[in-house]
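Line by line, the protein sequences are chains A and B. With the working numbering as the guide, the letters of the first sequence map in order to residues 1 to 440. With the working numbering as the guide, the letters of the second sequence map in order to residues 441 to 640.
Be aware that one or more of the hints could be misleading.
Here are some of the chain A residues that sit facing chain B, going by a computed Cβ distance under 8 Å [what the hints assert, rightly or not]:
hint: 1; residue: Leu194
hint: 2; residue: Val217
hint: 3; residue: Thr219
hint: 4; residue: Glu260
hint: 5; residue: Ile273
hint: 6; residue: Glu327
hint: 7; residue: Cys330
Computed Cβ-Cβ distance ranges for the label pairs, DEER-style [what the hints assert, rightly or not]:
hint: 8; chain 1: A; residue 1: Asp333; chain 2: B; residue 2: Ala457; range: 50 to 60 Å
hint: 9; chain 1: B; residue 1: Gly506; chain 2: A; residue 2: Gln67; range: 47 to 57 Å
hint: 10; chain 1: A; residue 1: Asp18; chain 2: B; residue 2: Ala457; range: 23 to 33 Å
Simulated pairs of lysine to aspartate or glutamate, EDC-like, Cα-Cα distance not exceeding 20 Å [said to hold, decoys possible]:
hint: 11; chain 1: B; residue 1: Lys486; chain 2: A; residue 2: Glu72
hint: 12; chain 1: B; residue 1: Lys486; chain 2: A; residue 2: Glu373
hint: 13; chain 1: B; residue 1: Lys486; chain 2: A; residue 2: Asp329
hint: 14; chain 1: B; residue 1: Lys486; chain 2: A; residue 2: Asp244
hint: 15; chain 1: B; residue 1: Lys486; chain 2: A; residue 2: Glu212
hint: 16; chain 1: B; residue 1: Lys486; chain 2: A; residue 2: Glu327
hint: 17; chain 1: B; residue 1: Lys486; chain 2: A; residue 2: Asp74
hint: 18; chain 1: A; residue 1: Lys394; chain 2: A; residue 2: Glu417
hint: 19; chain 1: A; residue 1: Lys237; chain 2: A; residue 2: Glu216
hint: 20; chain 1: B; residue 1: Lys486; chain 2: A; residue 2: Asp213
hint: 21; chain 1: A; residue 1: Lys109; chain 2: A; residue 2: Glu128
If you're looking for bench data, these hints aren't it; they were derived computationally from the structure. Remember, predicted model here, so these are calculated numbers, not experimental data. No residue lacks a Cβ here, since even glycine has one placed at the ideal position from N, Cα and C.
Residues per chain are reported as follows:
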Amino acid sequence: QTKTGVLKISHDIFLWSDIISTVEFNHTGELLATGDKGGRVVIFQREPESKNEPYNQGEYNVYSTFQSHEPEFDYLKSLEIEEKINKIKWLPQQNAAHSLLSTNDKTIKLWKVTERDKRPEGYNLKDEEGKLKDLSTVTSLQVPVLKPMDLMVEVTPRRIFANGHTYHVNSISVNSDCETYMSADDLRINLWHLAITDRSFNIVDIKPANMEDLTEVITASEFHPHHCNLFVYSSSKGSLRLCDMRASALCDKHSKLFEEPEDPSNRSFFSEIISSVSDVKFSHSGRYMLTRDYLTVKVWDLNMETKPIETYQVHDYLRSKLCSLYENDCIFDKFECAWNGSDSVIMTGAYNNFFRMFDRNTKRDVTLEASRESSKPRAILKPRRVCVGGKRRKDDISVDSLDFTKKILHTAWHPTENIIAIAATNNLYIFQDKVNSEMH
Amino acid sequence: FSRRRERAARGLGAGGAMEFRLEAHRIVSISLGKIYSARGQRGGLKLHKNLLVSLVLRSARRVYLGEPGGECALPPRPGPPPPPDCERLRRGCRPLASEAAARGRPECPAESPRKRSAAERDPAAGYPGKKPRRETEQPPPQEDMETGNVASLISIFGSGFSGLLGKERGAAEATEPGQVCCEQPVLRSLNPWSTAIVAF
């Protein structure tokens, strides 16, 4: 794998560095940021709806592109540090500028996004190109005026939070206090102040004294949306730990441990791998948590630690194929999950460019596909079905013809509206729901 | 996908114990290949993935060698023997009938070894307040990821697997299953094993 490596999937040929590695809406949904394996960030902005062009209403167009991270080489440890953007999180907007945090495996950066649409003209000492004027030609004083110019979006790095992590950073989360944020790697979680880069506070450390005793790593973490003292982190063993920063400085002791006992009839060599939680998200209400492991998504109630309140099968037909999925490394794929704005529908990706949505109220679910053929502008997505033997309908896909190289790992849901962003390898799909999509 | 292989992995094969062991052997080979090829990976060793691979390797090895507790990796079969204490085994404690018990060592720590609390780590700090880690004191970049120790099974097979290959060629009949030792060949069949290593 090199930065300019070419990967051939089916009939598409594209650059490895173009593969999208994270997708995130900002708090209003006006902006959508994507990060890729080449260390770039692309920000899309939603066009304001206009009566003149009703069909263009609410479309997302490219707003800004910048290089967030570059590959680095740690000479001391003889290690290359990948430039891949693992996560992007937006800060709540506090003034005209937008700010976001982006992180690779080791370094988190705070970027400020500003617009410039006016330019001062009429300086006394400088001419239009900025060269000093010949003073003898200056006969009167003028006040520079602001004149409109073509919109320019400027992105500048405001803070670089480096050297905080020995292991690979898997998640970042901004606190509801808007002053601090946390970053988690495999074994530790650090708390940072957004304005201070030369130090961080370690709040979770699960590194054993002897690394040979290691049995569990941190896989994801998130702050509670309303309570600035609470956060959750998930583990490779499938457990969730809710921690309260008021209880103690080092949050190794959890306040609550959410764990479901293993179903002995489903045990296999790969039980441990498929129970590893790849993503955890609080609901907007703050009452629930959503987790994703290899085969399911689960909804947990913060008030019940013994088991999830809901479990949804994403692709249970893969349960009998775990050995092959282990062999081709697919079993290590880390899928994300998302809530809709009202916490009534949850979404996650799967293989063959399929993604799944589950309606928590009606208990209906749907499988949709992100592909060029099915995504002509303003076309309606047709529900897909994977057949697992038995009666096969027209247009069903059999399990054995699923394309496991086409995986939807990263998805995002607009904070309030039914707009979703789906990253399918190097392509970004944005779907908007004008009428309620059918669930079956 | 090979249905027969998959069913064997789940313990449902018609061949029963033999299919388990064949499948376990295959999984051991695949796992070792993954650990070996992870060494040259760009971006450094992925701790999470390698931990999972080493856990699979451990389960498969137990089944292959017929060690007590190997059954914990598989779904329970109807019939007599009471299941071993899978929970203790998953916590990493050795089953009681092992050499360690014979030596009288405590079988399982009360809790898994953890990083000490903030107070224990630095008694001079007075009380366990939040301890900021500055760049000047204890610079984190110098900390070693210690990933060489993570897959404890790698040490059993010796670095570069050369020890294993060397032993295999002169392998006498293997000793009883359950004996895990650097000096002895661990797996009896030669060909798939050396193929997996040579390929990497």
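**Asked** Which hint numbers does the structure go against, in order from smallest to largest?
**Response** Going through the list in order, the structure violates hints 1, 4, 7, 8, 10, 12, 14, 18, 21 and respects the others.
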